[in-house]
Amino acid sequence: MKTLVILGAACLAAFPAAAQTPDLQGIWETRNGAQFDVSELAEGHEIPYLPEALEREQKANRVDPLAHCAMPGVPRINYLPFPFQIIQRPGLVIILYEYLHNQRLIPTTRREHLEGIDLWMGDSVGHWEGNTLVVDVTDLGDKTWLDSARHTHSDALHVVERFTRTGADTINYEATLEDPKTYSKPWKIAMTLRRNTQPDFELREQECTEGDTGRAIQPQYRPAPKGDPLEFVRPYPVKREVTK
Amino acid sequence: MMSKALLLAAGFGLLLAALPAAAHHSFAAEYDRDKPIKLTGTVTKFDLSNPHSWVFIDVKEVDGKVTNWAFETASVANLYRRGFRKDTVKPGITVTIEGFLAKDGTHTGNAQRMTMPDGTQVVLGTEQNPG
Amino acid sequence: MKFALALLITAAAVWPQTKPYTPPRTSDGLPDLEGIWQPRANGAMYSVLPHPGGFFLGAESKEGVVEGATLPYQPWAAAEVKELTQHMELDPTGHCHYEGVPHAMYFSFQLVETPKYIAVMHENMHAWRIIYMEGSHPKDYLAWMGDSRGRWEGNTLVVDVANNNDKSVFDMAGHFHSDALHVVERFIPMDRDNIHYEATLDDVKVFTRPWKMAFNLKRAPKDYMFLESGCFEDERDQEHLVKGKAALPADHYKQ
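Protein chains in written order, with the working numbering: chain U, 223 to 466; chain Y, 30 to 160; chain D, 302 to 556.
Hint data in this document are derived by calculation from the structure and do not stem from the laboratory. These numbers were taken from a predicted model, which means no experiment stands behind them. Just so it is clear, CB atoms sit at the ideal spot from N, CA and C, and this is done for glycine as well. Mixed in with the good hints there might be a few duds.
[Unchecked claim] In silico DMTMM-like cross-links for lysine to aspartate or glutamate, where the CA-CA straight-line distance does not exceed 20 Å:
1) D/K468 with U/E429
2) U/K410 with U/E268
3) D/K417 with U/D245
4) U/K365 with U/E274
[As the list claims (entries may be wrong)] Every beta carbon over 12 Å from chain U, so not counted as near; a handful from chain D, in silico:
5) F356
6) A370
7) A379
8) T415
9) N456
10) D492
11) P522
Work out the full structure, taking the sequences as your base and the hints as a guide.
Set out below in structure tokens:
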């Protein structure tokens, strides 16, 4: 019996490609200031705007779409201060977000992107690269903001996310944002997702709907667990200058 | 070429109408069955979006005044499956929309059918299943 | 006489043939009910009872989805139902609230299974619920979609749904419930492409006895894909809903 086990282990070691897909399942959270200003997570803490895009943004609508209960888009949904649950099944990764009960169904068997359609949460197609789940997101439209500081984008936005398990309770999340109508070059954000380890923790329902006055009723923020400080990346001033 | 695709898709859309993928129960409360309307105008905007898509047209009244009308249609998912894309209905083209008037007196209607410039008709919703 | 006829028609339309079927197993060894399912719910979104067709009210349904084709409302509640049909502007889904259970089950959904939980995702309104296969209903918590705890009985998935708020409704015909609503669902696989769905509902504040609804769930075609669906402000409908105006002829949904 022991011999069989050793042989089995040797086989796995010799053929790492035969190892199972990494397990990203569980309930994950992130606590940082990106919900307010995503440039906190950007390399150099700057977003490389094109001058015309900056002008356009400064004349844009000044009401956060979230105030109208709209869907937050990608990557914003991942750094709003609410937990989300990742589920993996053959050919499919599902992310159920507590924030406004959003969901993303990400196929991991390759398929073409949908065309000629703008979706608030975009169209996500995923695949595995070794230890990393790579999610390619297009069709994001131009209505979402990246944070509450009114960092916007055009309908040419293309986001590539990378989820890599880095420990028992951590995932490294990176997203590269490319938008030739808004940015002079692609730029990247990175943050750590932490597993929620509270025993028996479950996502709860959340909704945001118009009240009788037509004003949205927003969900209450979940308080952070006792003794767990909100992690803020050292705050940088909001820079809206053009970088070359 | 695009119109043929739409026609085919429109036919298919009628079949799909029997299986509601979505529920949104405000249409019956919002639009008046006793006030069918048919307006011809120039498209100013086609908004293929959630929760419902909208077609906006400029309609010239008899006195020459131009009014912008908003027509509500099925959701993105429904229209997409019928072959619509965000550039399918281009601003500037002249269309005729048949539907029902909103109850609240604004220039709003629910769109049932739209006749494109080349004469083809597309289904934007049905009385039984607004989509 | 009408009742007996309705009962017969309902039975013929929705009751399963007794033919035991053993579905294949998932990789975790569970009965495999995974996939995208398209309910054949006979226009239940308009009314769970037999109903005529109507302007934006779908096609006629001769059987509805309720056993016995009648809902055992207490007298005060039956009067409330009639009142609600005159105020369709108050229908919660018109205000983008979730449909709740079993209302959400009249629409396509995707089901996935793990040993500890089963997840049900709907295209409509991106609604989802997690059916926990362990633990118990939380206290002091009410939700539109309730709280679901499941177990396997052989090949049948049995789900107990509690913690329902009193705001979700069963359909557009004024059929409401209280926060005492308790639903027990059974997903009974009939063959590879069909699941028989049954829900037993009890609500002591509103009904005189428990009642049952049932309909078939059909597997979606292979290439069927969910598309994004949302319902939120930006939803210009809100501006146009007219308060206080009767939406239906008074006897449209006769009981």
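Status of the hints after comparison with the structure:
Restraint check for D/K468 and U/E429: satisfied, since their Cα atoms lie roughly 13 Å apart, inside the 20 Å limit. Only pairs whose Cα atoms come within 20 Å are accepted, and U/K410 paired with U/E268 is accepted, the gap being roughly 10 Å. The suggested pairing of D/K417 with U/D245 holds, with an alpha-carbon distance near 15 Å, which does not exceed 20 Å. Between U/K365 and U/E274 the CA atoms are separated by roughly 18 Å; this keeps the pair inside 20 Å, and the hint holds.
Distance check on D/F356: its Cβ is at least 25 Å (rounded) from any Cβ of chain U, clearing the 12 Å threshold; non-interface status holds. With a minimum CB-CB distance of about 32 Å to chain U, D/A370 clears the 12 Å threshold, and the non-interface call stands. Non-interface call for D/A379 relative to chain U: holds, since the shortest CB-CB distance, roughly 27 Å, exceeds 12 Å. Consistency note on D/T415: stated as away from chain U, yet its beta-carbon is not over 12 Å from all of that chain's, at 7 Å minimum.
At roughly 19 Å, the least C-beta separation between D/N456 and chain U is larger than 12 Å, which holds for a residue marked as non-interface. The claim that D/D492 lies off the interface holds: its Cβ sits roughly 22 Å from the closest Cβ of chain U, which is beyond the 12 Å cut-off. With a least CB separation of 16 Å from chain U, D/P522 remains clear of the 12 Å interface cut-off, as annotated.
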